[in-house]
Every structure is written in structure tokens, then in C-alpha cells.
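Peer 1: Read off the chains here:
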Amino acid sequence: MPLDHALAELQDVTKVYQTGEVKVEALRGINLILKRQEFSFIVGPSGSGKTTLLNLLGCIDVPTSGKFTVLEREISTLTDNQLADFRNKHIGYIFQNYNLMAVLSAYENVEYPLLLQKIPKRERHDRVTEILDSVGLFKRKHHRPAQLSGGEQQRVAVARALVKRPELILADEPTANLDSKTGSEIIDLMLEMQSRYKTSFIFSTHDTEVMQHANKIITIKDGKIENVAQKERAST
Amino acid sequence: MNNLKLAVRNLIRNRRRSLTTIFAMVIGMTALLLFGGFISSIYSGLQTGIVQTQGHLHIYKEGYLEFGPSRPTDYYIDDYENIISQINKDDFLKQRIKVITPVVNLAGIAGNYSADSSKTFIGSGVIPSDKNKMGTWDQYGLGQNQKPLSINDNNTTQGVVGVGMAKMLGLCESLIIPDCKDRPVEIVKGKKDEEVDEQVLALSSLLEEENQQESDSKKKSVQIDLLASTGSGAPNVVSLSIINARKMPNKVLDDSYVTMHLTQAQKLVFADDSRVSSLIIQLKKSEMIKETQAHLSKYLKANVKKQTFEVKNYGEFNTEFFQIIDMFIVIFIFIALMISLVVLFTTVNTLTMSVMERISEIGSLRAMGLRRSAVRWQFLLEGAVIGVAGATLGIIVSIIITLVFNQSGFSWSPPGSVDSSNLKILLFTNPLLLIGAWILMTMVATVSSLLPARYASKMNIVNAIRNN
Ligand SMILES: Nc1ncnc2c1ncn2[C@@H]1O[C@H](COP(=O)(O)OP(=O)(O)O)[C@@H](O)[C@H]1O
Ligand SMILES: [Mg+2]
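The listed protein sequences derive, respectively, from chains A and B.
As numbered in the working numbering, residues 1 to 236 make up the first sequence, in order.
As numbered in the working numbering, residues 1001 to 1468 make up the second sequence, in order.
Just so you know, these hints were derived from the structure itself, not from any lab.
The structure presented is a predicted model; accordingly, all values stated were derived computationally and were not measured.
Incorrect hints may appear among the rest.
As the list claims (entries may be wrong) - Pairs of lysine-lysine, PhoX-like flavour, derived with a Cα cap of 25 Å: (1) B/Lys-1061 - B/Lys-1305; (2) A/Lys-121 - A/Lys-89; (3) A/Lys-35 - A/Lys-216; (4) A/Lys-224 - A/Lys-181; (5) A/Lys-181 - A/Lys-141; (6) A/Lys-89 - B/Lys-1284; (7) B/Lys-1458 - A/Lys-118; (8) B/Lys-1284 - B/Lys-1301; (9) B/Lys-1005 - A/Lys-118; (10) A/Lys-139 - B/Lys-1094; (11) B/Lys-1061 - B/Lys-1119; (12) B/Lys-1301 - B/Lys-1098; (13) B/Lys-1133 - B/Lys-1094; (14) B/Lys-1458 - A/Lys-23; (15) B/Lys-1133 - B/Lys-1290; (16) A/Lys-181 - A/Lys-35; (17) A/Lys-141 - B/Lys-1306; (18) B/Lys-1306 - B/Lys-1094; (19) A/Lys-35 - A/Lys-221; (20) A/Lys-35 - A/Lys-67; (21) B/Lys-1005 - A/Lys-121.
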């Protein structure tokens, strides 16, 4: 896919949550174009709609109204299985709570997305080994999540998102549960991985300190985009 | 890392919960299998008893079972020896038949004039050696053989009665029967005005002379007289020297049964030694019953033109057998249903808890691109693994308990039998029992995972991820 094609396009996208009588407008009229191979931050206070926006971009949720495409695809027209396959192929996820599978080792957690893609054993082994090495966890590959620290678990999660070489990796406040030192190590890791694998990253945070390395900073408040700052990335 | 491994690991992760569920299944399976094995032993014990005494198939003249007893001289098999030799000519039948023997069924009044008592009787005339051979049939290896008859082929005037019958006729002391006492002797003069008695008396005095010689040689034996009506309705009497009493499986029989030599019975009912009431056939194996019955019916129709026969199997001439078995099967089904329900609820509960604990895991897997159906399969697989584990362990435990139980030498007398035999749980007689129970339990556990699995697969991804 040529570089100038947009990663995602949102036109007047709204998202309304209805809980009984109460309507919550989580997103109100988002207009946004995201380019490929960028490292974008979505910054905003808690409750501003960051997670909602990321869920849309991650194709696990659909907008209430507006036009919305990811990788040129109209997401709302896809069936559930098509969506799942689309995510499987193109999208990696990194969660605030790591959400690794408790019964699998670090190695097996990273291997899992490749199993979903039915990639043969040898190639799986090579790719998992390589990526675990990149995130500095090769020595701990046989440990289960419970035996790893929060920072290590998040490294596994980064490796798990990267291993299938997706177009887009979404990280929803991935440092929120980590101390600031470990958190900035994780951000450094992601930045490094982004430049190595040329994957697009979208990273949400309510911490404005951590974003000096972004290509793009999208500030969001009350479900509306306040500001989009585009800049050349400082070299690492 | 395949799905099966994943399921096993998830179950091991909640070791205690999974083990509790599996344990519940094992208890249910064991109860079901042991009861099934017990039914098997009732089935084979009961069948063995019937086959040893009554055989598998009876050949009657058509209509005998319905009308025969009221007109014994209309419903008989004529020229029976010829029919037996005809049957023996057929290879198919010959290969399957262990014993074929004639029998005369009869009923009437038995009197012991020395003790001044009489009693209605039912009885049969048999060939003792054939009967004894039948008594050794033991397809299932139960070792529950019938005691050989006391009468033999050579002496046609001897007979055996039920213990109750012996008591009523005042034979206990003469025959030296354990636990049997004769009626206290009061000298009551027999009522001469009773017609039957008079007739019996008259006829028996004639016969007594005839049989004098034979009965003298037996010290213990007691001469009784049997009165029965012949075809024409006229009474007929023969004497029988009773040499032993034999406990019968139920009171009605015990109080009225007389076994005698075929010839003597023929003399009493038919006054003709080529006629019998029926032919009894005992097969080598019970499985041969249907094919042999069908073949025999056709064969007789084709080869014996003068008479029309019907061939009945033991389920037809002994309806009790299948009634008892059916009753146990109904109980078995009921228990199986109950156990399935318990297992169902236990497994549903376990798997629901498993789903609840892993909501955010399910959400993130779905976000990573796992299809709904894959989520469903994962939980179905967990249910199936529990099912297979529980069912397999249940079979192993049942086998161990069965082996221990069968070694312990419990004994009982199965319904319809007199002598007690070893009580064995027959777990392997019917392979369907083990296989069926295994499949049932595995299926129940898998079915119980349907609902939790469905719930897991239908989960809203966004909410599932938020659930932290
Ligand atoms: N599933 C939901 N049901 C109802 N309201 C929701 C739901 N998800 C989010 N919201 C509401 O939408 C708004 C935006 O939430 P969210 O996108 O999670 O914000 P952020 O991630 O920036 O904290 C909040 O007011 C939140 O309460
Ligand atoms: Mg959020």
C-alpha cells in the first residue's frame, strides 16, 4: 500500500453510549486523518474519549454516525468475522493491564497471534525469537506473566503486538500502571520498534510529559479534538 | 501451543475447581456403572436360571399357550421322537442346539393316603438326564448350576416334589427333609363323602398293586397318587414314589410342584407314549435365539406337514423375565438422568466461573482478531476435556471397585432362583454399558459448556476489555 494512503480517516464521527435513560456523547464530531508509519499521541484528561477513539481505530467498536475508514475500508460494512480477520491481519493491541494470557509463557503469548494467522512452526519460532530479543526478554521467554514484573509484561505485550507485523498498533495508556521510569522505558522501546519495523503507533495518555518524540499530537477534550500538532520527530 | 493444551492449562490453573467437577462426575459415573453392572448380573443370573430350567425355545402345537391347559389332549405334539430326529437332521439347528427334550405338563390332585392328605398339583414329566444337562448351562460363567434331579432315566415311577408340597402331603419325615415338619398327626377320619377322594382311593388301590415291587426297594420313598383328567374328561390315576423334595423358587410352585419321568406323565395324561405337551430347546448361546426361532418355525412348517406348531422364546413363555429387566432398565435410565443433571449443573457452574474470570482475556483475544466461533470452541473444548477426564476416571474407578467387590465373595440368590450364588458386578458383559456411559458423561459435560461458551463468544469486546 503506497505511503500517501491514509491509515485512517474520520469525518464527523460521533459515538454515543446509551445506558438506560442516560446518553453519553463520548465522541462528538471527530474529523481526523492519520498517516501511515507515524507515531501519534492522543492526549487528554480522563473521560475525554481517548479509549473510545482508540476502540474505533482498532475496529472493535463502530461509530454512531459519521464516515470512518481504516486502511481504506469502511469498517461499518464489515461482518463480525471479517472484522476479526481484519484485526488479526492489520492491528496490534497493547492494553493498560497488559492482558497477557495467564496460562501461557512469554514465548507462547507472543506466538499466539502467529497461530491465529496459521504461520508455520519454523517461521513462528524465528519471528518470536527475534522479537523477544528486540524487547530484551529472550532470557525470560519461559516465564509466565505472573512471574514477570509489570514492565516486563508490557514488553511481552509490545512484542505480541509487533510480532504479526501489523499496519497499526494501538496502545491505550500502556504506561498508566507503571512507575515513570519503567513507563518511559516502554515508550522508548515503542519508539525504537516503530522506527525499526515502520509500524504506525497510536498511543493514548493523559500524561503530557511523555510526548516529545511524537510525529503527531492530538489533543482531545470532552469528545472533541482541541488541537492537532504535526512535527518532525526528534532523532533518537 | 494448540487449543487442547490451552484448555488443559486453563483447567489446571483452577486445579481445585476442575478437580471438584471431575470428582462429581467420577462419583456419578461410578454409581451409574456399578448399578449397570448389577443389572447385568441380574440379567444374566435370571436368564441363566430360566434357560437352565426352561430352555430358550419351546415348540408347542399352535394355540397351546392360550388353550392347551384346558384341553391337554387336544394340544399336544404327536410322534415327538420323529420331530426331534427331523430337527437334528438340520445342520443350522444342530449346530446351535445344546439340548432338545420333550416335556409333558400336567395338573391335577395328588394324594398321600398314608398321611391322609391331598393337594392340587402342577407338574411336569421330563427326561431326567436331559434336564440335568440343561441345568449345567452357564454361558456367563456364573457357576450357578442347578442341582441334578434325584430321579433318573431308568426308573419311570419316581418323582420329586416341592418342599411345601412335601409338607402338605406329610412327606417330610419319611424323606428326611431339613427344616420341614409334617402336620401334627390328629387322627381325623377322611371324609368318605367326598367324591374325588373316593375315586382316587378306588383307582389308586388298583395301581398300588402294580407298582408294589418298585416302591418296595426304596426305603425312604413314599408312594403318592396323582389324579388328572384325560382328554375325554375322565379321571385317571398313576402312582409315583416320591424320593426327594426340592425347594422351588416361589411359594406357589414350592407348594404344588411335582416332577416325574416323562413316561409316567404320558401315562397319566395321554395314555400314549408318542405324545408330549411340548419340546424344550436349549441353545448353546442366548444370542442365537432370534435366528434359531425364525429358522425353526420355517423348518417345521416345511418338514412336518401333519401338525402345525408354534415356536416361542423364553421372553414369550416367561413374561416375567423382561418385566423385571425392563423395570431395572427404567430405574437405570432414571438414575442416569439424575446424574446427568447433577453433572450438567456442576459443569455449567464451573465453566461459567471460568468465563467470568477471563472476561478481559476474552476481550483482548477478540481485539487481537480471534473470531467468535474460536472463543466458543475454546470453552466447548474445556467442557469436553472435563468430560473426557471425568468419564475416563469414572470408568477406571468403577473397574477398581468392581474388581475389589467381585473378589470379596458376596453371595445372593437372584430373583427366581433357589440357590444362592456369587454376587458379581458384571461390568464388561455388555460393552455398551461402559461405552455408553463414557459417551453420555462426555456429552453432558460438553453440552453444559454450550451456554457459557456462547456467553463468552457473544461478549461485547469493548466492555470486556474495560472489565479490569
Ligand atoms: N461502555 C460505555 N457505556 C457508557 N458510557 C461510556 C462507555 N464507555 C465510555 N463511556 C463514557 O464515555 C466517555 C469517554 O470515555 P473514554 O473513552 O473511556 O475516556 P478516556 O479513555 O479518555 O478516559 C466517558 O464519559 C465514559 O464515562
Ligand atoms: Mg481510557
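Peer 1: Now tell me if each hint is right for this structure.
Peer 2: Hint-by-hint comparison with the structure:
1. B/Lys-1061 - B/Lys-1305: OK: B/Lys-1061 and B/Lys-1305 at ~13 Å, within 25 Å.
2. A/Lys-121 - A/Lys-89: 18 Å, holds
3. A/Lys-35 - A/Lys-216: Holds: A/Lys-35 and A/Lys-216 sit about 10 Å apart, inside 25 Å.
4. A/Lys-224 - A/Lys-181: 31 Å, violated
5. A/Lys-181 - A/Lys-141: Answer holds: A/Lys-181 to A/Lys-141 is near 23 Å, not above 25 Å.
6. A/Lys-89 - B/Lys-1284: Cα-Cα ~69 Å, so violated.
7. B/Lys-1458 - A/Lys-118: 24 Å, holds
8. B/Lys-1284 - B/Lys-1301: 23 Å, holds
9. B/Lys-1005 - A/Lys-118: 17 Å, holds
10. A/Lys-139 - B/Lys-1094: 79 Å, violated
11. B/Lys-1061 - B/Lys-1119: 29 Å, violated
12. B/Lys-1301 - B/Lys-1098: Since the Cα atoms of B/Lys-1301 and B/Lys-1098 sit roughly 22 Å apart, the hinted pair holds (cutoff 25 Å).
13. B/Lys-1133 - B/Lys-1094: Roughly 16 Å between the alpha carbons, so the hint for B/Lys-1133 and B/Lys-1094 holds.
14. B/Lys-1458 - A/Lys-23: OK: B/Lys-1458 and A/Lys-23 at ~23 Å, within 25 Å.
15. B/Lys-1133 - B/Lys-1290: Given that 25 Å is the threshold and the Cα spacing comes to 22 Å, the pair holds.
16. A/Lys-181 - A/Lys-35: 30 Å, violated
17. A/Lys-141 - B/Lys-1306: Measuring from Cα to Cα gives roughly 92 Å; hence the hint is violated.
18. B/Lys-1306 - B/Lys-1094: 22 Å, holds
19. A/Lys-35 - A/Lys-221: 22 Å, holds
20. A/Lys-35 - A/Lys-67: Holds, at roughly 17 Å.
21. B/Lys-1005 - A/Lys-121: Holds, at about 16 Å.
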